[in-house]
Amino acid sequence: MPKGILAGVEFEIDEDGFIQEPEKWSEAVAEDLAKDESSITPMPPDQWRLVNYIRDYYLQFGVAPPVRMLCKKNDFDLKYVYEMFPKGPAAGACKVAGLPKPTGCV
Amino acid sequence: MPKGILAGVEFEIDEDGFIQEPEKWSEAVAEDLAKDESSITPMPPDQWRLVNYIRDYYLQFGVAPPVRMLCKKNDFDLKYVYEMFPKGPAAGACKVAGLPKPTGCV
Amino acid sequence: MATTDIGPPDYKEMLPEVIAKNYGKWKYHEDIKPGVLKHVSETGDEAFTVRCGSPRLVSVDLIRDLCDIADKYCDGHFRFTSRYNPEFITPNKDNIEPIIAAIEKIGLPVGGTGRGISNMIHTQGWIHCHGAATDASGVVKAIMDEMYDYFVGKKTLPQKLRISLACCLNMCGAIHATDLAVVGVHTRVPTIDHEHMTVLCELPTTQASCPTGAIRKHPDPNIKSVTVNDDKCMYCGNCFTVCPAMPIAHAEGDGIAIYVGGKVSNARKAPMFSRLVIPYIPNNPPRWPEVTSVLKNIVEVYASNAHPFERVGEWIERVGWERFFKLTGIPFVEQNIDDFELARDTLRTTTQFKW
Amino acid sequence: MATTDIGPPDYKEMLPEVIAKNYGKWKYHEDIKPGVLKHVSETGDEAFTVRCGSPRLVSVDLIRDLCDIADKYCDGHFRFTSRYNPEFITPNKDNIEPIIAAIEKIGLPVGGTGRGISNMIHTQGWIHCHGAATDASGVVKAIMDEMYDYFVGKKTLPQKLRISLACCLNMCGAIHATDLAVVGVHTRVPTIDHEHMTVLCELPTTQASCPTGAIRKHPDPNIKSVTVNDDKCMYCGNCFTVCPAMPIAHAEGDGIAIYVGGKVSNARKAPMFSRLVIPYIPNNPPRWPEVTSVLKNIVEVYASNAHPFERVGEWIERVGWERFFKLTGIPFVEQNIDDFELARDTLRTTTQFKW
Amino acid sequence: MDDKTPMMDELEKGPWPSYVKELKKAAKKSDAAKDLIKVQERSFEEKMTMWKHGGIVGVAGYGGGVIGRYISRPEEFPNVQAFHTLRINHPSGWFYKTDRLRELLDVWEKHGSGLCNFHGSTGDIIFLGTTSEHLQPIHDEITAIGWDLGGSGSDLRTPTGCVGPARCEYACIDTLDFIYNITMEFQNELHRPPFPYKTKIKASGCPNDCVAAIARADFSIIGTWHDNLRIDQDGVKEYLDSGFDVQGLVVNKCPTNALEMVNGKLELAWPEDCVRCMHCINMMSKAIRPGVDKGATILVGAKAPVIHGACLSSVIIPFMKMEPPYTEFKELWLKAMDWWDENGRTRERISELIDRVGMRMFLRAIDVEPVPQMVYRPRANPYVFFDKGV
Amino acid sequence: MDDKTPMMDELEKGPWPSYVKELKKAAKKSDAAKDLIKVQERSFEEKMTMWKHGGIVGVAGYGGGVIGRYISRPEEFPNVQAFHTLRINHPSGWFYKTDRLRELLDVWEKHGSGLCNFHGSTGDIIFLGTTSEHLQPIHDEITAIGWDLGGSGSDLRTPTGCVGPARCEYACIDTLDFIYNITMEFQNELHRPPFPYKTKIKASGCPNDCVAAIARADFSIIGTWHDNLRIDQDGVKEYLDSGFDVQGLVVNKCPTNALEMVNGKLELAWPEDCVRCMHCINMMSKAIRPGVDKGATILVGAKAPVIHGACLSSVIIPFMKMEPPYTEFKELWLKAMDWWDENGRTRERISELIDRVGMRMFLRAIDVEPVPQMVYRPRANPYVFFDKGV
Ligand code: SRM
Ligand code: SRM
Ligand code: SRM
Ligand code: SRM
Ligand code: SF4
Ligand code: SF4
Ligand code: SF4
Ligand code: SF4
Ligand code: SF4
Ligand code: SF4
Ligand code: SF4
Ligand code: SF4
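Protein chains in written order, with my numbering: chain A, 1 to 106; chain B, 1 to 106; chain C, 1 to 355; chain D, 1 to 355; chain E, 1 to 390; chain F, 1 to 390.
Since the hints were made in silico from the structure, they are not lab data.
A few of these clues could be false.
One-sided and incomplete, this derived list gives chain F residues near chain C with beta-carbon spacing under 8 Å [claimed, not checked]:
no., residue
1, Tyr239
2, Asp355
3, Val375
Think of the CB as a built atom: it goes at the ideal place given N, C-alpha and C, for glycine as much as any other residue.
Extracted from the complex, chain A is given alone in its bound form (with noise of 0.2 Å):
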């Protein structure tokens, strides 16, 4: 497994970038995985706001949030997504937001 410094600290990340430590994901570490994965950086609001809501949704339900709901509940349209993290919900916001990488749906 691939090691790499996020936020000053040592991660297991997998190939495609996801943290196999979730329990050590801050908010800063979001910031320092966003650099490959969101349009600006730092984050701006609208990209928080999505990281914030996929993460708190995992917390709760233990899945990532489905893509309707997403966009629904955070009033985004889905190319407005893909603008803010270019690889998509999945591959982009997920990682960010520190979750497991997605086999299913998002």
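Position chains B, C, D, E and F with the ligands relative to chain A; hints supplied.
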């Protein structure tokens, strides 16, 4: 709903003699109910064992025990159960044990 | 202790002489005329059977009348068929007409054999059952009055046609595989008597009774009862069967559904289930005219469209259900489309269909 | 930002001249010989198609070779069929033989039309997929080597016969409705990497993935993971699909199952599912001889027993599956009997069967 | 309360024999029957049953055979306040000797409403309507004259069979004897409900299945043969001479095209294709009959819709010889009951259990090897168990 | 580590073209392809895949089109440590102009293993094996020359259609144009996965269904006609004269017996019975063809086994005209997607949702009235909803 006196207490009783106020059941009530149902009154130990088994099972699981289990667990032959309670486990023993009128299995 | 477990009388004692003598030796039979069969034995003996209708729900007097006929013409024996019809068996051809006359005298119709409509298998209805969503004997009487000509052989059909009735989805009589099935149905969600729930019902049994899992424990732990998810309830009444505190009958909501095309015999095609064609007709005693006219229509469309010796279900499966609905003019509605457990197998997974 | 959403090239640009000109005007076609079709247009134009096999997994060099042929004989156009076969279309009859020669020169077989065996639909296998219970390209090569004569038209069959392969139950290629389906199967319960579970998997998704509900939350609340009820697990691997922490592949347990009798076309009979005839054959690379011999046997029994133009499934449904097992000598085992959700519809609810 | 019953009266009219007339006959002698007419009229008016839920009454030593029933408005219909039915086990094939039957009717007239069903749809004689006090006397009196109660509750229900060898040339098994034999053998299972739910056995002498065994019995025993059907060419000639369309109505309608007309002779040209459907035999009973190697196909699982939808029985034993004392069948049935009893949930019929745990579990429990005759076709899904390894 | 690959070498033999030869061709130019041969050999030895689970990589602005893949033994096979595939949307009907195709191949050779699938089983061109760094360049370069990625993930997958009017006389709809049109219209749904799971559309020009739409597309569009098929008696005569057995191979095999030979003429004697199965047309393409009132049957729900067993699509719209811009279809599809998206669970295909909540809910959502053409037969069970009253 007809009324009846069991162990000195007034009871609502249905047409088939099942008590309608299970919370008022007691061993004395059982003995009174047994007058119509058990082959011998006061009930000898095997009768009591069966009644207690049924009642305990009901209190634990909310249903009367399946006949097979009732026989197996008490090591009773089904014919013997009918000797003790001629109307059988449902119409006889369950009634004495203060259960709701079986619609299902026993 | 009382005598127990002696079982039914030995059938051997009950057999007419000609039957006892030729038991297992029958060679062939002929349809002499409606209601009359002739069976010929390898011994050369012949047995003539006269069959007649019966309302099934009878007084002891009627049975005694039947006994009288049997005493007179059939060495004191007679039988019933698996569809409730009394049968008189005699080795003597000359007895046929007197038997027929005697039967007619006590008001019963001779018939029920061959390619027509026999007696209706049915159930208790409002005569005796707590669960009935419609009556049985009354509906049967109304239907059989209309089908009479097909019973007595004045009209014939491509093949035997069986009509059966059950007054609720329990389908006593197992009428789920009959040419025309008349089924009592509820259409309202059961109400719940929370107060008497625990006295009357076992909660786990009640919950488990629901085919769609609509019944849940009451959310309030202080209320020892259940709740029903209305959206999931399809009014089967099984909860009521196990739990008196969940009455489901409803004067306006109860009624009759019609199922078509089942069969039991293995002749030509394998047995088939009857299938829903009309989901609901309101109860309309004493003669249920909507029910009888729907059935008559189906019988007539069958009579004029099926091939010889083709049962209703065989005919429909040959021409297609879309054709059946077209020919009978019965509207196709969402309830006709299955959405229960095996639904997928009923969906048309082909472009083959008729317009 | 990069260009996005331009979509594929417009097909119109890709059409050979004779096709563009006669688009939608075709009148009829003829099978000229194996691998060669002639289509005749209402305009009087003719288009000759030469079809050939391909291993599907190809180098760019092979595709360039195909381009060369197309450039030479087909005004720089060619196509692939829905079963991976390259097709060269020319209005010029005289081009047929040169095209064939050119195709053979680059090592591809001409054929795949008419009543034989076309190319195998298949998947990635050990070449690229994480889930593969068997290989794809290797098994396909081994099978097609055996079926070669049916591809090139040296041997013919009563009707088209499609063989397809999927390397796991995901059945990429949807081979569940094909005459002969070769499916990679696991036969061992997945193991669970409790330690990495939460890092790698969403627990609710993992639980929901199991068709039989075998996966439960780990009983120990301190262990954020799941457990599998071995008795309920039928090794489908769907949990592994969603959860890397549940590997299921097993060198000894993995292998191949054979399904038979599916079809897709609506010709004569409606589309049918393929059905399990052999639940398990161990992986035996590089040539999987047990698999190829089983398939050959089925093809030969079909060839000598089916009516003309009868697909495999049509033949079997006509003679009965009991006859199929008898004729092929394949042993019938408990796995052949369905026990999943629609099992009831597969049980034989009739006394009609052959010994 | 109005005593008029116009709707009941309406149902005295019409050609089909009227049950209302029967009610009225009985009403002459029985107050209960009299009330029943009113109950029925009221049901027609209100479009609802007047009966209360359930009722659990019986006779000493038995757990079944009586259906308890009480009226919901005892004030309005006092004579049917309790109106229980008794199920009397019929003799095999529903044959009766009148003197024996009259004795039985007399008991009923003495103790009950005088109304009955000939028969219930399981096959019992139903005595319709009496009070709790009469139950034991009735049972004592009918056993004294050689009758006994049938089944109800979670027991083996009264087995039934078609008329079979008694009057039918098609019978491949002795349905009457078989039914009588097992009824006697399993009296205990019939009278003292031991199971998770009801279970039924019905036997038909041939695949025409005149007791609908395949649709309504957990164990369906259906006569069949293992050799070839027999064709008598003289008989065939008779049919042909009479103008009967043998080709169109028989040969062309054989579901497997096993028959052929060859030079005026009807041949079972492909005997291995005959699935013994009975059609040709039914059409030409004078010329064609079953083979001589007779026995039965055993099918399992038919039942009504509750709770997973209706089931038809499916083949478990393609061919079993059926000779007294039917040991092979009895052993099979007991093994099946034992497995069901051990594994079945309350109110779960055996086919539902098979459906829930899988046919393979059932086959293992009854020691039967899988054969393709058990299925129309093998599974289409790939969800296969290898709990015994590969 | 031994570099011999005896099992791979074995698969160079035999008459069928060898993919191993292709691997070896590619290996001459690509180290990844070279390693892939070893990977494959090792898999054959160990009877296991060498690939790690998953991988999630992509190109900017898209959520699909790339399948990420990493090797489990990077030390042993360093050149395939990352070995992702790209799905390139093929042109309708898989027709290619060689110059356009060569351009595409050049991009791939430059950036990847040089191995591809023509085609993947959904229908894309598959570029097999490259590293993460190359993904974006590849996409930039192919879009520059007029190509784009296909679908993957929970999106609309690359739609496909049969050769249809391009080279088939049976085509009742313009499959190529339809597929191209909807592919362009739904680029967003294709490239940015918005749904609970994948969804597919495939179109076949006639019921022969040469893209297997009915077996593997959530929306299966299959050409058909609403009037009568057309018979050309001169053509029939030709077949008869050639000795072709019209009666035996055509008339007798019509599934509904709609055809008849009358005085040497082949008649559609019962036109209302024809179910447009194509058999007679397939047999006699010179004499019989579809009618002139052409359109499509729309069927819904096909998919592979996961999780409730495989489904075939079932009829939703018996007949829909299919003319550009296909508005009626698009509206229907969008309504269906909306309902599915709103109600579907994660990884639940539309047919599984229909199965779970009932066809009536789906029909209501898409504003379609129930018709008997939707079912083989009505329900047998009595479990009916009346949520709109009786
Ligand atoms: C008497 C009875 C058996 C009994 O033990 O009581 C009986 C007796 C005969 N049946 Fe039956 N069947 C009897 C109920 C049945 C049933 C069960 C039912 O209706 O509930 C069936 C299955 C019906 C179904 O499939 O739904 C049944 C399906 C047949 C068939 C198959 C018909 C078909 O083509 O599907 C035949 C053969 C025939 O009719 O050609 C048949 C033939 C016969 C024959 C001709 C057999 C014979 O050679 O004696 C008998 C006279 C038939 C007649 O009525 O014309 N019997 N027969 C039953 C009479 C019932 C009645 O009163 O109407
Ligand atoms: C080229 C292709 C369409 C395409 O867009 O690529 C195609 C082309 C034709 N098909 Fe097809 N079919 C093609 C895949 C299919 C498929 C799909 C599949 O195999 O995955 C099917 C469904 C198969 C199934 O049911 O499992 C298919 C079922 C048919 C049938 C129905 C056969 C039957 O009786 O079931 C016909 C009619 C016939 O063969 O008489 C047909 C007939 C034809 C005709 C004769 C139509 C015509 O008039 O041009 C074409 C030449 C047939 C031939 O190969 O002999 N085509 N055809 C596909 C060639 C695949 C290949 O390389 O082998
Ligand atoms: C009397 C009879 C109807 C009739 O008028 O003929 C009858 C009457 C009742 N049946 Fe039945 N069943 C009767 C034959 C049947 C049959 C037919 C058969 O046995 O061939 C069936 C279908 C076959 C089967 O067993 O599945 C049948 C399937 C049911 C069911 C549904 C069972 C199931 O598993 O789906 C119930 C519900 C229950 O058991 O709780 C049921 C329950 C009942 C109850 C006891 C009502 C209840 O909710 O508990 C009915 C009592 C009515 C009453 O008050 O008199 N009855 N019942 C039949 C018995 C008469 C006899 O002994 O001859
Ligand atoms: C590449 C391809 C196989 C091939 O070699 O041709 C493929 C490969 C994969 N499929 Fe597939 N599927 C491919 C066509 C199909 C098809 C056929 C079709 O589209 O016509 C099906 C059946 C139809 C269907 O959609 O149901 C199919 C049904 C699945 C499924 C099961 C879906 C289901 O609902 O049952 C999965 C599992 C999943 O989605 O997680 C799956 C998952 C996969 C994954 C992504 C593996 C996974 O566990 O996530 C495979 C990646 C393999 C790899 O590493 O390269 N693939 N997959 C096909 C796509 C190529 C293309 O774009 O042209
Ligand atoms: S069908 Fe229903 S209502 Fe009728 S008798 Fe049976 S259980 Fe009672
Ligand atoms: S009526 Fe049927 S569906 Fe409705 S709650 Fe009761 S058991 Fe469930
Ligand atoms: S069938 Fe399974 S193993 Fe093969 S490519 Fe598809 S998902 Fe992978
Ligand atoms: S392999 Fe399939 S059946 Fe077994 S636990 Fe995983 S999902 Fe469930
Ligand atoms: S089932 Fe067969 S043997 Fe029994 S009566 Fe009917 S036709 Fe005769
Ligand atoms: S019994 Fe049936 S299957 Fe056998 S030959 Fe006669 S008609 Fe054909
Ligand atoms: S599906 Fe029909 S139209 Fe399309 S290629 Fe096949 S035969 Fe031709
Ligand atoms: S298309 Fe099929 S159904 Fe129609 S006439 Fe031709 S063969 Fe018969």
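Comparing the hints with the structure gives:
1. Tyr239: 24 Å, violated
2. Asp355: Hint on Asp355 (chain F): holds, closest Cβ of chain C at ~6 Å, below 8 Å.
3. Val375: 5 Å, holds
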